[in-house]
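Residues per chain are reported as follows:
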Amino acid sequence: MPDVRTWGWYQPGLLPGWNLSDQNNLDGALNGTVLSVADYRE
Amino acid sequence: MRDDNGDGIIYDTDSDDGSAPSPATEGLVVSGVLYNAHEIGVYDNSTITVDGVDYTVRLVVTVLDNGAWGVHILDVDIQPGWYPADITAARLGTWNGVEYSGTNTSSVDQMLCFAAETPIRTPTGWRAAGALAEGDAVVTLSGTEPLVWVGRQTVAGLRGASAPITIAPGSLGAHGLIRLSPLHRVLISSPNAALLFGHPRILIAAKDLLPLPGVSQIPVDKVTYIHLMTRRHSVLRSAGLWCESFQAGTWARRRLPLPDQAKLAQLLPNPRGYGRRFRWSRPRRAAFGACDAALCCPPTAATAVVKPRLTGACPGRGASAASTRPSEQTGETARQ
Numbered sequence: 003m004p005d006v007r008t009w010g011w012y013q014p015g016l017l018p019g020w021n022l023s024d025q026n027n028l029d030g031a032l033n034g035t036v037l038s039v040a041d042y043r044e
Numbered sequence: 025m026r027d028d029n030g031d032g033i034i035y036d037t038d039s040d041d042g043s044a045p046s047p048a049t050e051g052l053v054v055s056g057v058l059y060n061a062h063e064i065g066v067y068d069n070s071t072i073t074v075d076g077v078d079y080t081v082r083l084v085v086t087v088l089d090n091g092a093w094g095v096h097i098l099d100v101d102i103q104p105g106w107y108p109a110d111i112t113a114a115r116l117g118t119w120n121g122v123e124y125s126g127t128n129t130s131s132v133d134q135m136l137c138f139a140a141e142t143p144i145r146t147p148t149g150w151r152a153a154g155a156l157a158e159g160d161a162v163v164t165l166s167g168t169e170p171l172v173w174v175g176r177q178t179v180a181g182l183r184g185a186s187a188p189i190t191i192a193p194g195s196l197g198a199h200g201l202i203r204l205s206p207l208h209r210v211l212i213s214s215p216n217a218a219l220l221f222g223h224p225r226i227l228i229a230a231k232d233l234l235p236l237p238g239v240s241q242i243p244v245d246k247v248t249y250i251h252l253m254t255r256r257h258s259v260l261r262s263a264g265l266w267c268e269s270f271q272a273g274t275w276a277r278r279r280l281p282l283p284d285q286a287k288l289a290q291l292l293p294n295p296r297g298y299g300r301r302f303r304w305s306r307p308r309r310a311a312f313g314a315c316d317a318a319l320c321c322p323p324t325a326a327t328a329v330v331k332p333r334l335t336g337a338c339p340g341r342g343a344s345a346a347s348t349r350p351s352e353q354t355g356e357t358a359r360q
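Each protein sequence line maps, in turn, to chains C and W.
Take the first sequence: its letter number 26 is residue 28 in our numbering, and every next letter is one higher.
Take the second sequence: its letter number 150 is residue 174 in our numbering, and every next letter is one higher.
Just chain C, with the same shape it has in the complex:
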């Protein structure tokens, strides 16, 4: 099983404004959200 490593990062914490209980709220409500990039992992 090949791993396709994309150019990006991973955050262990919850995405700001995102609710784990709601499966479909990765939407326009997050427009303009500032992401933390300090604790990235490739």
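Hints were generated in silico from the structure; no laboratory data involved.
Every residue gets a Cβ at the ideal spot worked out from N, C-alpha and C, and that includes glycine.
A couple of the hints might just be wrong.
[Said to hold, decoys possible] Pairwise CB distance ranges (calculated):
| no. | chain 1 | residue 1 | chain 2 | residue 2 | range |
| --- | --- | --- | --- | --- | --- |
| 1 | W | P235 | C | G30 | 49 to 55 Å |
| 2 | C | G30 | W | T168 | 42 to 48 Å |
| 3 | W | N90 | C | V36 | 21 to 27 Å |
| 4 | C | G34 | W | P193 | 48 to 54 Å |
| 5 | W | D89 | C | N33 | 21 to 27 Å |
| 6 | W | S240 | C | N33 | 42 to 48 Å |
| 7 | W | T148 | C | V36 | 47 to 53 Å |
[As the list claims (entries may be wrong)] Rough simulated footprint, nothing fancy, chain C against chain W, three-plus residues with beta-carbon under 8 Å:
| no. | stretch |
| --- | --- |
| 8 | 64-74 |
| 9 | 84-91 |
Assemble the complex: chain C is given as a structure, and chain W must be docked to it using the hints.
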């Protein structure tokens, strides 16, 4: 990211989208552990800051089952030497409005297209593929056709799957330098093709021509690929070779950026059957690859440019890129 079946697609596991999620073999790999994608969102006009400079990119956010999340950049000119650690700030732009049953996350790996500088024959002369626009007419094997869609992707061309295949002038007959994505197909005329595939002219993926002299894969920092789509799958005159137009079937469409997929869904709601008019693009043998290309185009010491002929083999090579000027059309295409 783990793409288990190598199709360039990482699926989410939304239960409400009606599609079968991939088994728990695809998702985001963190420290060797595979996490399923819980939800995927794409944000256009997002911003990242690198070395104090803001860049507008498309960010793909993948939320995992445990609520952790990952971000990657889709279809961006990644500068050589950049690393995620170089990003000092990131801001999501505008959600593209799509709830995914699956999303392309590495679509740059498999494309069917011309490098932007490739000369394409038009009724008024040669024009670079990158200069063509929707509505422009191009010369095809079966006559003049308007381009119904033109797509563009600039990607890092460093890896085998995205590094362009370069065909040196004269390698396949009387043609100029041409660069194609590895899976883009070239029309080859050869008696051996008739023996192997039941047709004297076949489409062979550029990567399968690599055994031939003058054909090589040269990695580049970045390359801009142009998709040229006609009303029906066509064969275009390209730097003296005949190469296929964008084959807008389901497989190819799923490898496009998401906005392009949406546009093609409007242009061609039912992609099934698109391209089937080219019988020779569907060889009878299931296995088809470099070995077959070598058989169809046996390399010889003769690499001189030869005068293209209407049909048959090139002198000294046993094969040639099919050479048919518009005035030389055989009408064969229309009969497919």
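> Range hint 49 to 55 Å: satisfied by the CB atoms of P235 of chain W and G30 of chain C?
Replying inline: For G30 of chain C against P235 of chain W, whose Cβ atoms are near 51 Å apart, the range 49 to 55 Å holds.
> Is it true that G30 of chain C and T168 of chain W lie within 42 to 48 Å of each other by Cβ?
Replying inline: Roughly 44 Å apart at Cβ, these two residues keep to the hinted range, so it holds.
> Taking a Cβ-Cβ distance under 8 Å as contact, does the stretch 84-91 of chain W have three or more residues in contact with chain C?
Replying inline: holds (count 4)
> Are there three or more residues in the stretch 64-74 of chain W whose C-beta lies closer than 8 Å to some C-beta of chain C?
Replying inline: It holds, with 3 qualifying residues against the three required.
> Honestly, do S240 of chain W and N33 of chain C meet the 42 to 48 Å range at C-beta?
Replying inline: Because 45 Å falls inside the window, the suggested range holds.
> Do the Cβ positions of D89 of chain W and N33 of chain C conform to the proposed distance bound of 21 to 27 Å?
Replying inline: Holds - the Cβ-Cβ distance for D89 of chain W and N33 of chain C, about 24 Å, lies within 21 to 27 Å.
> Measuring from beta carbon to beta carbon, are N90 of chain W and V36 of chain C in 21 to 27 Å?
Replying inline: 22 Å, holds
>> Tell me if the beta carbons of G34 of chain C and P193 of chain W are separated by a distance inside 48 to 54 Å.
In response: 51 Å, holds
> Does the hinted range 47 to 53 Å hold for T148 of chain W and V36 of chain C at CB?
Replying inline: 50 Å, holds
In this structure, none of the earlier numbered hints is contradicted; all agree with it.
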